[in-house]
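K.L.:
What follows is the residue order along each chain.
There are 2 protein chains.
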Amino acid sequence: MTRYSKQTRILVAVDCIIFGFDGEILKLLLIQRGFEPEKNKWSLMGGFMEPNESTDEAAARILKQLTGLEGVYMEQMQVFGEPQRDPIERTLSIAYFAFIDIHKYEKQLSDDYHAEWFPLKEAPKLIFDHNNMVEKAREMLRYKAALHPLLFELLPEKFTIPQIQTLYENVYDTVLDKRNFSRKLLSTGLLIRQDEKDKGGSKKGAYYYKLDPAIYKDKFQAFLNFIPNPQAFLTA
Amino acid sequence: MTRYSKQTRILVAVDCIIFGFDGEILKLLLIQRGFEPEKNKWSLMGGFMEPNESTDEAAARILKQLTGLEGVYMEQMQVFGEPQRDPIERTLSIAYFAFIDIHKYEKQLSDDYHAEWFPLKEAPKLIFDHNNMVEKAREMLRYKAALHPLLFELLPEKFTIPQIQTLYENVYDTVLDKRNFSRKLLSTGLLIRQDEKDKGGSKKGAYYYKLDPAIYKDKFQAFLNFIPNPQAFLTA
DNA sequence: ACAAAAGTGTTCCCGATACACCCATGC
DNA sequence: GCATGGGTGTATCGGGAACACTTTTGT
Numbered sequence: 001m002t003r004y005s006k007q008t009r010i011l012v013a014v015d016c017i018i019f020g021f022d023g024e025i026l027k028l029l030l031i032q033r034g035f036e037p038e039k040n041k042w043s044l045m046g047g048f049m050e051p052n053e054s055t056d057e058a059a060a061r062i063l064k065q066l067t068g069l070e071g072v073y074m075e076q077m078q079v080f081g082e083p084q085r086d087p088i089e090r091t092l093s094i095a096y097f098a099f100i101d102i103h104k105y106e107k108q109l110s111d112d113y114h115a116e117w118f119p120l121k122e123a124p125k126l127i128f129d130h131n132n133m134v135e136k137a138r139e140m141l142r143y144k145a146a147l148h149p150l151l152f153e154l155l156p157e158k159f160t161i162p163q164i165q166t167l168y169e170n171v172y173d174t175v176l177d178k179r180n181f182s183r184k185l186l187s188t189g190l191l192i193r194q195d196e197k198d199k200g201g202s203k204k205g206a207y208y209y210k211l212d213p214a215i216y217k218d219k220f221q222a223f224l225n226f227i228p229n230p231q232a233f234l235t236a
Numbered sequence: 001m002t003r004y005s006k007q008t009r010i011l012v013a014v015d016c017i018i019f020g021f022d023g024e025i026l027k028l029l030l031i032q033r034g035f036e037p038e039k040n041k042w043s044l045m046g047g048f049m050e051p052n053e054s055t056d057e058a059a060a061r062i063l064k065q066l067t068g069l070e071g072v073y074m075e076q077m078q079v080f081g082e083p084q085r086d087p088i089e090r091t092l093s094i095a096y097f098a099f100i101d102i103h104k105y106e107k108q109l110s111d112d113y114h115a116e117w118f119p120l121k122e123a124p125k126l127i128f129d130h131n132n133m134v135e136k137a138r139e140m141l142r143y144k145a146a147l148h149p150l151l152f153e154l155l156p157e158k159f160t161i162p163q164i165q166t167l168y169e170n171v172y173d174t175v176l177d178k179r180n181f182s183r184k185l186l187s188t189g190l191l192i193r194q195d196e197k198d199k200g201g202s203k204k205g206a207y208y209y210k211l212d213p214a215i216y217k218d219k220f221q222a223f224l225n226f227i228p229n230p231q232a233f234l235t236a
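Here the protein sequences come in this chain order: A and B.
Quick note: the first sequence uses our numbering, first residue 1, plus one each step.
Quick note: the second sequence uses our numbering, first residue 1, plus one each step.
Simulated from the structure, these hints should not be mistaken for laboratory data.
Just so you know, these numbers come straight off a predicted model, no measurement behind them.
Errors might be hidden in some of the hints.
Identical copies go unnamed one by one, so any copy, or any two together, can satisfy a pair.
Said to hold, decoys possible - In silico EDC-like links for lysine to aspartate or glutamate, alpha-carbon gap of 20 Å or less: (1) K136 <-> D173; (2) K136 <-> E75; (3) K121 <-> D198; (4) K125 <-> E70; (5) K144 <-> E75; (6) K125 <-> E135; (7) K204 <-> D218; (8) K210 <-> D22; (9) K121 <-> D195; (10) K6 <-> D86; (11) K158 <-> E36; (12) K217 <-> E139; (13) K6 <-> E169; (14) K125 <-> D195.
When you get a sec, could you build the whole thing from the sequences and use the hints?
P.N.:
Here is the structure:
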């Protein structure tokens, strides 16, 4: 016996919801699909699973194809399995979301691929159920980022507290008190202050911080409660 | 064009991690696998996806085959996609977890299937990567139950506060203060006290409660913080 | 009357919030 | 010297945790 006979084999795709942050607003990386059906329509970056790779490997390969980046934070989100989601042929999609530092690769963008950043709020109509996937990813982002230090993955290695605050404000579409936010953040012990300052945002300059890798790893699963009243921001 | 040519189609299975609670300890429902390979070894309840069903439908179908139950709380957990996880043929598995009221079906158990409840802590060696799946499910259970009123799905429609407390204590392998626990629980507004009492556990008897369906639905996503220091119970 | 479990109330403390001022610098 | 954004300190409030006694009833 070398195969399970009589069972149906199914096409399996991996689609990536890729978030980036440019310092101002939260963005989503989309491509113009290069093949039929729906050629030239906007789409998430995706591809079919190959025979000898794991799902995580497939997701990493696909991300690399588009962005050239490796070692990026990715997480499996959910399988989308409605039988009719792809009109050509029944295809399961394993959705991953990924956070990248937008500046790390902005250059090679739209060379080989027609890729473009869209503000998350102004995403165009996407093929198949990709708009669903994006919405789901946005919910999951809000959910997880309220509890875990996830959003740091969207920032460069060195960042300032005003930057990370702006990012949180963007994700939750709200305004936070800078005194409380900064206290809460620093009290986690996650941040190591650098001597250098970022003079871009103001005359005075804001201190750069780096993550303490040990504490970051340690506290990643802890419930840190970055956002007051997080439930107010969760879709029911 | 009616198919994506040149792409590999893959076998996809759904495996269910089924939790139950008998009032004493948390249990896991396992079956003896009925076909090769690994015939007669203990296994999660699973099956192959069929062409015209969604993933959720597949999970529900498989659960029904084993337990006869419908309308059970199920949630997609994670895809397990290591290429070698099934030695016969590459098979993806979509893992679901399910919570059932153990008493609702205890009778028809092990008729058609060799099914058996195992205390979660004493689960036997399972086929393939099923022990991994169980471990992952246990982590997810602890994670979610610390925040959301999930464990009620394991209890009958009417239950007492000592019962639900025992369940929490079981899941987290700890002891909780009954005064604080009961106050916290009642303050959510989730519970409606019945007039009737359960005289089984004590002479005095404990009031039965039911869930308020509206509030339950409403607050399911809220962060309710049932467990003090939840991070202490999460695997890093 | 006594054992065994259910039910309830109070104090204390810490963490969360609201809120206002000084600091450094480029122009 | 003034405008701009960065950084810090304090009082208050509420929720969470620690903790002990009374109630019910079957035996």
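K.L.:
For each hint, tell me whether it holds in the structure or not.
P.N.:
Taking the hints in turn, this is what the structure says about them:
1. K136 <-> D173: So K136 and D173 pass the 20 Å test inside one copy only (17 Å; across, 33 Å).
2. K136 <-> E75: So K136 and E75 pass the 20 Å test inside a copy (13 Å) and across (15 Å) alike.
3. K121 <-> D198: neither (28 Å within a copy, 52 Å between copies)
4. K125 <-> E70: Result: close neither inside a copy nor across copies, 28 Å intra and 36 Å inter.
5. K144 <-> E75: both (12 Å within a copy, 18 Å between copies)
6. K125 <-> E135: Close inside one copy (12 Å), not across copies (39 Å); limit 20 Å.
7. K204 <-> D218: Classified as neither; 33 Å inside a copy, 46 Å across copies.
8. K210 <-> D22: Within one copy only: 18 Å inside, 49 Å across.
9. K121 <-> D195: For K121 and D195, the Cα distance exceeds 20 Å both inside one copy (36 Å) and across copies (50 Å).
10. K6 <-> D86: between (23 Å within a copy, 17 Å between copies)
11. K158 <-> E36: neither (42 Å within a copy, 55 Å between copies)
12. K217 <-> E139: between (23 Å within a copy, 17 Å between copies)
13. K6 <-> E169: Neither, since 53 Å and 45 Å both go past 20 Å.
14. K125 <-> D195: Answer is neither: 45 Å inside a copy and 54 Å across each miss the 20 Å cutoff.
Of the numbered hints stated above, those contradicted by the structure are hints 3, 4, 7, 9, 11, 13 and 14, listed in ascending order.
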